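A.B. asks: Respectively, the protein sequence lines represent chains A and B.
The first sequence finishes on residue 499 if you use the numbering used here, and the numbering steps up by one all the way, no holes.
The second sequence finishes on residue 499 if you use the numbering used here, and the numbering steps up by one all the way, no holes.
Treat the hints with care, as some may be off.
Identical chains share a label here; the pair holds if one copy fits it or two copies do between them.
Straight-line C-alpha distance at most 27 Å; calculated DSS-like pairs for lysine-lysine [said to hold, decoys possible]:
{"no.": "1", "residue 1": "Lys412", "residue 2": "Lys450"}
{"no.": "2", "residue 1": "Lys412", "residue 2": "Lys216"}
{"no.": "3", "residue 1": "Lys302", "residue 2": "Lys289"}
{"no.": "4", "residue 1": "Lys216", "residue 2": "Lys450"}
Derived from the structure by calculation, the hints contain no laboratory data.
These figures come from a predicted structure and were not determined experimentally.
2 protein chains.
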Amino acid sequence: MINIEQANREATDRMIEARPVLVGLGRALDVIPGMREDLLLHAGPPITWERASGPLKGAIIGALIFEGKARDAAEAERLVTSGQIRLEPCHHHQAVGPMAGVTSPSMAVYIIENKTHGNRAFSNLNEGYGKVLRYGAYDESVQARLRWMHEVMAPILRDAIEASGGIDIRALLAEALHMGDEGHNRNKAGSVLFLKALAPYIAKAAPSSEVASDILKAIGDNALSVLNPVMAACKAMADAAHGIQGSTIVTTMARNGTDFGIRVSGLGDRWFTGPSQVPRGLYFPGFSAEDANPDIGDSTITETAGIGGFAMATAPAIVTFVSGTPKDAINTTLEMYEITFTEHRYFTIPALDFRGTPTGIDIRKVVETGITPRINTGIAHKEAGIGQIGAGLVRPPMSIFEEALVAFAEEYGF
Amino acid sequence: MINIEQANREATDRMIEARPVLVGLGRALDVIPGMREDLLLHAGPPITWERASGPLKGAIIGALIFEGKARDAAEAERLVTSGQIRLEPCHHHQAVGPMAGVTSPSMAVYIIENKTHGNRAFSNLNEGYGKVLRYGAYDESVQARLRWMHEVMAPILRDAIEASGGIDIRALLAEALHMGDEGHNRNKAGSVLFLKALAPYIAKAAPSSEVASDILKAIGDNALSVLNPVMAACKAMADAAHGIQGSTIVTTMARNGTDFGIRVSGLGDRWFTGPSQVPRGLYFPGFSAEDANPDIGDSTITETAGIGGFAMATAPAIVTFVSGTPKDAINTTLEMYEITFTEHRYFTIPALDFRGTPTGIDIRKVVETGITPRINTGIAHKEAGIGQIGAGLVRPPMSIFEEALVAFAEEYGF
């Protein structure tokens, strides 16, 4: 007879005690397990070209142009539909990527190592704002930015990370949560803490003071620069909690722009998927919900690990970006205690008397309470090539938690 | 007949609309009005050597050794008691300094320019933590640090500030208040935002990558690095509000370690002083209230300008440093609305639905309500040469507000 409580205790203990440290940066082909020359990784559960949404298609096109494998959209599409290029989820390769999450073989990725349990996780570099690949833009300005990031910035970042001796991302996040970040949609504090940790090493690693200056500016001016290492850190924490026999804790939540998928610690690698929703939120001038793509990206790994929407009480200022009031932000966190197994020991909320963030989504509690996880997210235009049009709040479909619970009952013979 | 309400509206409008920008860095003797070779500036209202507390004496000794004018404590004391070296408040020279606040002729000072009204303000460089001059330590380790700061860091900082085109400190503070700072005792976010603003220019201005690296580390690792520019910015805001005929708004609050002094907008340059109190707070291991010096420093210029203790609701995490609970932090801000004339338009508090911080201490309200201003502060050891031993909360004596109100009534013939 399995003991679900005990299994969930073990899963969440492992999630919380995981200590993800940014130890390096490498080429995806060299460092991501199972990466291949003919492979593109993408956010969310598995998907085909035919079912892919506009921003995911745009990012695939852009990545193949970046790799020198396609010259334009038509050529990229042929490569994918003919099977010469394969698509697989980042999550199948210990990786995560924000929004479209497309990661190609020669892209640079952050390397996170969980010092407690030894597992690794990976994420690509953050491009900043505006027209960017992760939102499905792929024109020459996007390509030029990607080339600079990979040819100029990545080697210096790699050397700086190594010279720093590694950056403890759990500690950085704990600090950033006391500085108004929630770690998903608001990473202002974390990104400047990231700059602070690396700046002395970037200055030394750069081949010239001009290059050092450019990289310091690129990292400092991008209030999402730490998002990708944070996501990989959350992936390392969530993976540490995966595969515990009898556990009902969610260890993956991810969206490919069409489907929202979850995986559960005690249910192996099986995805439970349902339709991804359009976020409710605030739109940039000139855009509305009609332009919005359904929710996309692996960044829900933050909520999976107990931050992001779950830690909104730490980030009252975020409501100016995602809509709502500071009281709503507090209430969001309070609501998430209803569906989580425990409270985090390292991620705490000053405004709630330093209570730990709600951690470890329990599919039983989601189904029992009828409360689905709350997610903070960016909003992509539904057409390829445009980019971000807003930010807001979204929830996964309830059906996937119900299906997971049915599967759990079947698996364990209840 | 004077109209106090109208005068206070004008004073607080000027305080709030002042836009202090960090425009440069210069040698005190060259840039501070009225600075002289035989002069040392100090925190708080005027004081003699005989009445000075331990940490102020220690800082005076240390500054004279730094200037090459004394070799030891005895020689420094003779210079001051003989009148060869004079002591005057920073506040008499458009300057402010944290803790002892001692500023000597060859020290580097930040130059703040109020772009709205044209007045300037100055503050020395922050030395970081541990044994430091501002807490009255003056041994060779303190001297070596001061020499490095002045010989190596200051020229690069000057060039970087100039190349940056200036840093809008009001905007930086507004952002930092949304990132868990209150701007006096917690400047973690502001200091990394300061690093972010300067890093690209420091990299370019430094003579070598090693020096760039050292300076980036010194600024990034010091969570108070922005305190001194912030204090000078608050001084520029408060000075803009000073000298309004008929105004009961406090434009200076400062302590020299013996006396707490205030000045009032409509009462010219006259100080109202009373005994400085020992803060209540948390002490570092091995120290207690018995070791503490009475409250010292010009850093209360932050509360004078509507931040610091007045903005504690923005900084719930600070209670781990100064004592109390997050609820106390909210209550402190709420209490300060009782004694202030208005609410700030640029400094807002997310947790209070973006309400403006309580701004413009009105001596009438202090006396009427019996509520004195709440101040967040560091605690110095009462003996020279030791340094910081804790942090906590303090209030000025009520008597000085009563005396100021009596003087106001006499001045304006009530």
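A.B. asks: Against each hint, give a clear statement of whether it holds in the structure.
C.D. replies: Hint by hint, here is what the structure shows:
For the identical chains of this complex, Lys412 and Lys450 are intra-copy neighbours only, at 24 Å inside a copy versus 31 Å across copies, given an alpha-carbon limit of 27 Å. Proximity of Lys412 and Lys216 under a CA criterion of 27 Å is satisfied in neither setting, with 33 Å inside one chain copy and 43 Å between copies. Proximity of Lys302 to Lys289 under the C-alpha cut-off of 27 Å is found in both arrangements, the shortest distances being 15 Å within a copy and 12 Å between copies. With identical chains, the CA atoms of Lys216 and Lys450 are never at most 27 Å apart, being 39 Å at best within one copy and 53 Å at best between copies.
In this structure, the hints that do not hold are numbers 2 and 4, in rising order.
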